[in-house]
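Q: Make a model of the complete structure from these sequences and hints.
Protein sequence lines correspond, in order, to chains A and B.
For the first sequence, our numbering assigns the number 1 to the initial residue and increments by one for each residue that follows.
For the second sequence, our numbering assigns the number 1 to the initial residue and increments by one for each residue that follows.
Check each hint, because a few of them may be wrong.
One copy or two, it doesn't matter: identical chains are merged, so the pair holds either way.
Unchecked claim - List of simulated lysine to any residue pairs, SDA-like, C-alpha gap at most 20 Å:
hint : residue 1 : residue 2
1    : K142      : S85
2    : K125      : D6
3    : K5        : A70
4    : K120      : E9
5    : K113      : Q8
6    : K142      : Q8
7    : K5        : A135
8    : K81       : I57
9    : K143      : S25
10   : K102      : I26
11   : K64       : R31
12   : K136      : T62
13   : K64       : R53
14   : K5        : G117
15   : K125      : T2
16   : K120      : D6
17   : K102      : G117
18   : K136      : T35
19   : K81       : P20
Worth flagging that the hints you see were computed from the coordinates, not collected in a lab.
Listed here are the chains, written in short residue letters.
2 protein chains.
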Amino acid sequence: MTSLKDLQELTIDHFWETIPPLWNSIRSHIRATATGNFDITVEQFHVLRFVRRGMSISELATAKNISRPAISQAVDVLVKKGLLSRVQSTTDRRYVELTLTKEGNALLDSVFKETRGWMKERMNKLSTDELEAIAKAMTALKKMLD
Amino acid sequence: MTSLKDLQELTIDHFWETIPPLWNSIRSHIRATATGNFDITVEQFHVLRFVRRGMSISELATAKNISRPAISQAVDVLVKKGLLSRVQSTTDRRYVELTLTKEGNALLDSVFKETRGWMKERMNKLSTDELEAIAKAMTALKKMLD
DNA sequence: ATAGAATGGTTTCGATAATTAACTATTAAT
DNA sequence: ATTAATAGTTAATTATCGAAACCATTCTAT
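A: Spelled out as structure tokens, the structure:
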């Protein structure tokens, strides 16, 4: 008989055997397309991702666990590359509203599309049953974050 | 009727909504304990993880997608911190065998235990059914990496 | 058997990127 | 109205990374 505790332990083991290498592999694919097709690093790509979700400088800093100055400087680079722009907020003029430029949006879309294709290729190995299990698991894992 | 292609798309969506934020959250937990209790960065922790699995300098470099010199230097730091040690291989003297010191092993164990506890806490929200789905999904996801 | 190629790792050095501390501007609190 | 707090930037220092050049060792091909 398998207890709930044992099942938890087992699931955590599975998680650690799977997610880090998988995520690592996805990351290197992103790195390849981001640095190859465009000239940005994965970290810069990550910043763009967060900006699209409407994050401010401070939020970015806490989300990425690096200092505010570091983000400020990273934003500098991306602004100079023409990928995003700073606009002082009208409601609270301390805030700087970060928005993606047309080029920034296009870049994100392109990398996402590329990565999606790469994932789909790999998913062809999986059965309907397995895909459904993944979908269900994702919903469950999301609960862990609340 | 849902086609296989649609299911793939849906699953990828679920994946992207779930795994990055979850992984991010796990990573920041690791960062908190690794930098708080001990004085190392997440990257250094990552190196220790790989060393425990028996990776060499070169393997580390390709696995982490950074240059060999960078790894060599990162190892320097960890050696100076007393967390790992270099020993020239006897079978092929070009190789350097990286091994964790007692302190290095203790550190890894401690961070793992801490993180595991954190995950278990969150998993209490999940039913047996959901845990099984996760385990199954992990096996499926692993297939994507071959 | 030996010269040359290949492999594993390190060192040096220049360029990037991160952190800390100090600073400006703006808003909130008492 | 002062003071405190927040959002962001700037400047100076430190740490990290990558390219090129290097050493030592092993493999390869004649």
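Q: Take the hints in turn and mark each one as holding or not.
A: Hints and how they fare:
Proximity of K142 and S85 under a CA criterion of 20 Å is satisfied in neither setting, with 32 Å inside one chain copy and 40 Å between copies. Taking the shortest alpha-carbon separations for K125 and D6, only the inter-copy value of 15 Å comes in at or below 20 Å, while the best intra-copy value is 30 Å. Taking the closest pair of Cα atoms, K5 and A70 never come within 20 Å of each other, the shortest separation being 42 Å inside a single copy and 41 Å across copies. For the identical chains of this complex, K120 and E9 are inter-copy neighbours only, at 8 Å across copies versus 30 Å inside a copy, given an alpha-carbon limit of 20 Å.
In this assembly of identical chains, the alpha carbons of K113 and Q8 lie at most 20 Å apart only when taken from different copies (14 Å versus 35 Å within one copy). When the C-alpha separation of K142 and Q8 is checked against a cutoff of 20 Å, the pair qualifies both within a copy, at 16 Å, and between copies, at 19 Å. When the C-alpha separation of K5 and A135 is checked against a cutoff of 20 Å, the pair qualifies only between copies, where the shortest distance is 14 Å, while the shortest distance within a copy is 23 Å. When the C-alpha separation of K81 and I57 is checked against a cutoff of 20 Å, the pair qualifies only within one copy, where the shortest distance is 18 Å, while the shortest distance between copies is 33 Å.
Taking the shortest alpha-carbon separations for K143 and S25, only the inter-copy value of 13 Å comes in at or below 20 Å, while the best intra-copy value is 25 Å. In this homomeric assembly, K102 and I26 never come within 20 Å of each other (Cα to Cα): the closest approach is 25 Å inside a single copy and 33 Å across copies. In the homo-oligomer, the alpha carbons of K64 and R31 lie at most 20 Å apart both inside one protomer (17 Å) and across protomers (11 Å), since each shortest distance falls under that limit. Taking the closest pair of Cα atoms, K136 and T62 never come within 20 Å of each other, the shortest separation being 29 Å inside a single copy and 33 Å across copies.
Within a single copy, K64 and R53 get their C-alpha atoms as close as 14 Å, which meets the 20 Å cut-off; across copies the closest is 27 Å, which misses it. Only between protomers do K5 and G117 lie at most 20 Å apart by alpha-carbon distance; the minimum there is 12 Å, versus 38 Å within a single protomer. For a Cα distance limit of 20 Å, the shortest separation of K125 from T2 across copies, 18 Å, qualifies, whereas the shortest one inside one copy, 30 Å, does not. For the identical chains of this complex, K120 and D6 are inter-copy neighbours only, at 11 Å across copies versus 33 Å inside a copy, given an alpha-carbon limit of 20 Å.
In this homomeric assembly, K102 and G117 never come within 20 Å of each other (Cα to Cα): the closest approach is 22 Å inside a single copy and 44 Å across copies. Taking the shortest Cα distances, K136 and T35 never come within 20 Å of each other, neither inside one copy (34 Å) nor across copies (34 Å). For the identical chains of this complex, K81 and P20 are neighbours neither inside a copy (31 Å) nor across copies (26 Å), given an alpha-carbon limit of 20 Å.
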